[in-house]
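These are the residues of each chain, in order.
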Amino acid sequence: MLITCPYCGPRDVIEFTYQGDGNRERPQPASQNLDAWNAYVYDRLNPAGDHNEIWQHSGGCRAHLRVVRNTVTHEILSTAFARGGHKTEGRS
Amino acid sequence: MAEQHLPERQSPLEPEYHPGSHGNFEHGVDVILSETRPGSILQLAAWPGEEKRLIEIIRKVTGLALPDGAGGGVSSGARAVFGFAPGKFTVVDEAEGLAQAFAGSITPAIGTLTDLSHGRTAIRIAGPKAEWVMAKFFAIDFTLPAFPLGAGRSTNHHDVFAQIQRTGADQFDIYVFRSFARSFWKALCHASEEVGYEVQ
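Protein chains in written order, with our numbering: chain L, 1 to 92; chain D, 1001 to 1200.
Keep in mind the hints are simulated off the structure, nothing from the lab. The beta carbon of each residue, even a glycine, is placed where N, CA and C say it ideally should be. Among the clues, some could well be false.
The calculated label-pair distances, taken between Cβ atoms and stated as ranges, are [unchecked claim]:
id : chain 1 : residue 1 : chain 2 : residue 2 : range
1  : D       : Asp-1115  : L       : Gln-28    : 36 to 42 Å
2  : L       : Ala-48    : D       : Asp-1115  : 22 to 28 Å
3  : L       : Thr-4     : D       : Pro-1108  : 58 to 64 Å
4  : D       : Pro-1148  : L       : Pro-29    : 42 to 48 Å
The following residues of chain L were derived to be distant from chain D, with all beta-carbon distances above 10 Å [unchecked claim]:
id : residue
5  : Ile-14
6  : Asn-23
7  : Gln-32
8  : Pro-47
9  : Asn-70
10 : Phe-81
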C-alpha cells in the first residue's frame, strides 16, 4: 500500500503511523457535555468504504495527514496536510 | 567573543571503520564509503507562514539559495542545505560554529534552531553503484529525475531515521542518528560487498 505524502511523494505504508478516525470532533477541553465526550471517545462510523483518517508520516517528514482510505480496497483516495485543513471528501 | 574550546569529536564508526578495499572488488570498486565529519549540522524550522523569511536568512548566512519545492536543496562543497519536512531544513557546514552564525538571525518569531552537530553522523556513498546499494536500503526512487542534485529526502531503514541529500550524480550524503550510526554503517558495508567497496 502506497500513501502519497503531500511533501515527500509516494511512500510505502510502513513509513506511516495510523493516528485514528478523522471524523471525530474533540469537544472543548472545558466542556462538560458528557454525550459529546462519549461520542468523541467511543462512536465510530466503521464504514465499509471511503473513510476519513488521520495518519502521520512518522518515518519521513513527520507531518500529520488527512487521508481518505477505502476500508474495503485499501485504495488511498486523497491525502492532505492535517494542519489548518478542512476534512477531505470522504464519508463523514 | 572568546575562542571556543570544544571537545574533540570521536567518530562512532571508529571500531568498524576500515580504510581500504573490501568485498567483491576484483573487478574494481563500484562504491566508495566515507564519513564526511562536518563540523556543523543544524536543523532549522520555521513557524507556519515564516518559511520564506527563514529561507532568506539561510541565504544570507550560508550563501546558499534554496530552490522552491518540497525537499529542494543545494550543496556547494563546504556547505549544504536541504528541506526535509514542511518548513524544516538541515544545514551543514564543514566548519564548526554555524549555529553561532545563525543565532542572532532566527528570532523566536521566525522559528527555531537546533544544533545536531554531535547528534548526527554523516556518511557518504559515491560511485556507479551508489544508487543500486541505496535502493536496497530505502524504498524511494533514487533515479536522477525523481531525486535531483541537491535535493533531500526523509526516510528510514529498519526504524533508523535517515536524511539523504544527493550531492552528486552518483553520490549521496546520509545523516543518521549518532547512536545508530555504527550499526547502519556495518549494514551499509555488508550491502556494498557484492559490488566491491572502498572505505576512504
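Against the structure, the hints come out as follows:
no. : hint                                 : result
1   : D:Asp-1115 with L:Gln-28: 36 to 42 Å : holds (38 Å)
2   : L:Ala-48 with D:Asp-1115: 22 to 28 Å : violated (50 Å)
3   : L:Thr-4 with D:Pro-1108: 58 to 64 Å  : violated (34 Å)
4   : D:Pro-1148 with L:Pro-29: 42 to 48 Å : holds (45 Å)
5   : Ile-14                               : violated (8 Å)
6   : Asn-23                               : holds (24 Å)
7   : Gln-32                               : holds (32 Å)
8   : Pro-47                               : holds (29 Å)
9   : Asn-70                               : holds (22 Å)
10  : Phe-81                               : violated (7 Å)
In this structure, the hints that do not hold are numbers 2, 3, 5 and 10, in rising order.
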